[in-house]
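Asks: So the chains spell out like this:
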Amino acid sequence: MSGIKGSMNLSLLKNYELPDKAGITDKITIKIAKHKSLNLIKKMIIENVLALYKKNSISVPADDDFDTGIWFVSEYIYNRQLTGAFNNFKKNGFLYFDPAKFAHSILNSFTSKLAESLKIRGFSNSYIISDLNNILIEFSSSQVSNGIVVNIYKDKNDILMEVILLNKSFIGR
Amino acid sequence: MKRVVITGISLVTPLGLNKDQNWKAILSNKSGITRTEGLRVKTEFPLYAGEIKSLINSKKDKWLQIFGILMEDIKRTEKVSDDFINESCLSIGSAFIGMEAYKFFNYQTFINKIRKRWKFDKGINFNSNTCAAGNFALFNGANMIRAGSAKKVFCIGIDILSEYLFSGFFSLRSMSKSISKPFSYGREGLSLGEGGALIILEDYEQAEKRGADIFCEYAGLGASIDNNSLTGMDRSGRGIIESFKQALNCADLTNDRIDLISAHGTGTKINDEVEARAIIDFFKNSPKITVFKSYTGHAMGASSIISAAFLCLSIKHGKVIKINNLVNPEFKLNYANNNEDKKINYAMNNSFGFGGINSCLVLKGV
Numbered sequence: 001m002s003g004i005k006g007s008m009n010l011s012l013l014k015n016y017e018l019p020d021k022a023g024i025t026d027k028i029t030i031k032i033a034k035h036k037s038l039n040l041i042k043k044m045i046i047e048n049v050l051a052l053y054k055k056n057s058i059s060v061p062a063d064d065d066f067d068t069g070i071w072f073v074s075e076y077i078y079n080r081q082l083t084g085a086f087n088n089f090k091k092n093g094f095l096y097f098d099p100a101k102f103a104h105s106i107l108n109s110f111t112s113k114l115a116e117s118l119k120i121r122g123f124s125n126s127y128i129i130s131d132l133n134n135i136l137i138e139f140s141s142s143q144v145s146n147g148i149v150v151n152i153y154k155d156k157n158d159i160l161m162e163v164i165l166l167n168k169s170f171i172g173r
Numbered sequence: 174m175k176r177v178v179i180t181g182i183s184l185v186t187p188l189g190l191n192k193d194q195n196w197k198a199i200l201s202n203k204s205g206i207t208r209t210e211g212l213r214v215k216t217e218f219p220l221y222a223g224e225i226k227s228l229i230n231s232k233k234d235k236w237l238q239i240f241g242i243l244m245e246d247i248k249r250t251e252k253v254s255d256d257f258i259n260e261s262c263l264s265i266g267s268a269f270i271g272m273e274a275y276k277f278f279n280y281q282t283f284i285n286k287i288r289k290r291w292k293f294d295k296g297i298n299f300n301s302n303t304c305a306a307g308n309f310a311l312f313n314g315a316n317m318i319r320a321g322s323a324k325k326v327f328c329i330g331i332d333i334l335s336e337y338l339f340s341g342f343f344s345l346r347s348m349s350k351s352i353s354k355p356f357s358y359g360r361e362g363l364s365l366g367e368g369g370a371l372i373i374l375e376d377y378e379q380a381e382k383r384g385a386d387i388f389c390e391y392a393g394l395g396a397s398i399d400n401n402s403l404t405g406m407d408r409s410g411r412g413i414i415e416s417f418k419q420a421l422n423c424a425d426l427t428n429d430r431i432d433l434i435s436a437h438g439t440g441t442k443i444n445d446e447v448e449a450r451a452i453i454d455f456f457k458n459s460p461k462i463t464v465f466k467s468y469t470g471h472a473m474g475a476s477s478i479i480s481a482a483f484l485c486l487s488i489k490h491g492k493v494i495k496i497n498n499l500v501n502p503e504f505k506l507n508y509a510n511n512n513e514d515k516k517i518n519y520a521m522n523n524s525f526g527f528g529g530i531n532s533c534l535v536l537k538g539v
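Protein chains in written order, with the numbering used here: chain C, 1 to 173; chain Z, 174 to 539.
Just so you know, these hints were derived from the structure itself, not from any lab. Hints are not guaranteed to be accurate.
The calculated EDC-like cross-link candidates involving lysine to aspartate or glutamate, where the alpha carbons are at most 20 Å apart (straight line), are [said to hold, decoys possible]:
1. K276/Z / E217/Z
2. K418/Z / D155/C
3. K101/C / E336/Z
4. K90/C / E336/Z
5. K418/Z / D67/C
6. K91/C / E336/Z
7. K113/C / D429/Z
8. K119/C / D429/Z
9. K252/Z / D193/Z
10. K418/Z / D429/Z
11. K113/C / D65/C
When you get a sec, could you build the whole thing from the sequences and use the hints?
Replies: Structure, rendered in structure tokens:
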């Protein structure tokens, strides 16, 4: 069984048995201050991925490296992006909608910005809801050897961020 | 590795509200792209789109209406029971779920209604990968079956037209002032569209056991990211070629085995050029090129699964559908200029989206 029963996207790690055989190298969970802008959230994700890379002696991929993929999960970001862009659309009217606001209202534009900063070119998947089991299956089935999973979710009154590093050489250990 | 087959298809597009209406319309080369009637705005030039005329008056819940029509059609045509549905996982793709007419509804509103009516207790995955969302829904479903995590998966992609969407593409200056002309010299942009498709993926052995009608087989998917800009493609075509390579690698094929490509073919200057050059550079056997969007318009997150559904029907019936509105083609591709009978062993469904996401789905005839 995979996927969640349609409820809000929550912690990917909460109900997942660790240690596993699916290739998880490292993970981290961090609280995000409320009302942080989407740009600052992106910056925070990048800083934390780079810190995890450093801790695990992993290099940022080279420009022609298609061996790393990213999985991004967030209902919270999806709703925030579209709500913000829709307010701009209503304010400016049909003919004067800011094209940048429109382009940034799409969930995988958020993922794409992360991929660009982290030089990820091999695979990208943006989910509104999913679970870790599903993502690990996709990682195993994909052509990439390394993966980054980022999940941003609301837990009661907190906004939390999980970053998980994956590597296929860890599968089955 | 478990084999994954397609055992059910439903379509809701400007061409019709079920699979049979859609197939009949596309076989007769009828276009669903017309002058829009449902928009409450005035523009300098008339807007053309693949608009579902019978749903124009839906002020809200149009997305869910399409979901319901797809589900009812599949129950009727593929004789799928409520128990069968409840034993299935659901994998959905959509770029703009929640955007209805002049309102934005929280995503949860929709998913709660789906859960209440259709349950899908085995689990739901919901991706939002813009134009490639449908291809990714199929990738997700197939992987769950291959891994033994599910026996059958309902893969669905839906997106609808709204003032928000028109305004967004209007501001990006990527819409055509007339009906889009993919791969043509005079092309000036895309025609938007709306609708959805449902494809049932099933474990081959189980499908055989229950005597299901098999349309074709899932063979693999390749993907890559351009890292160029949010709305523009990498003009070198490197990202697209990488996704072709990955797709063939996943399907264990060489680059002379694809018989038919359902091109992304939006009709924009750059997109068509980059895609055409990548196809010419990569494929050695000059595969036939068709563009289903030329009949339905570009239905965003639903577009790739709508094309995949038409591709499954093409494989099943051995029919290549001609490209609509191909006027003075610019590139040396093997275009489908007429409908033709052809045995299709392997076909590819291209979809490239905002954020530089590239995806190519490979389907196999059975």
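Asks: For every hint, state whether the structure bears it out.
Replies: Quick rundown of the hints versus the structure:
With a CA separation close to 24 Å, the supplied pair K276/Z and E217/Z exceeds the 20 Å bound. A threshold of 20 Å between alpha carbons decides the hint, and for K418/Z with D155/C the separation of about 41 Å lies outside it, so the pair is violated. Distance check on the hinted pair: K101/C and E336/Z sit about 15 Å apart at the alpha-carbon level, within 20 Å; holds. Using a Cα cut-off of 20 Å, the hinted pair K90/C and E336/Z holds, with the two alpha carbons roughly 10 Å apart.
Taking the CA atoms of K418/Z and D67/C, the gap is near 13 Å; set against the 20 Å cutoff, the hint holds. Simply put, K91/C and E336/Z have alpha-carbon atoms about 14 Å apart, close enough for the 20 Å limit, and the pair holds. For the given pair, K113/C sits about 35 Å from D429/Z by alpha-carbon distance, which is inconsistent with the 20 Å threshold. This hinted pair does not check out: K119/C and D429/Z have alpha carbons roughly 31 Å apart, beyond 20 Å.
Of the supplied pair hints, the one linking K252/Z and D193/Z holds, its CA atoms being roughly 15 Å apart against a limit of 20 Å. Of the supplied pair hints, the one linking K418/Z and D429/Z holds, its CA atoms being roughly 12 Å apart against a limit of 20 Å. Of the pairs offered as hints, the one joining K113/C and D65/C holds, with about 17 Å between alpha carbons and a cut-off of 20 Å not exceeded.
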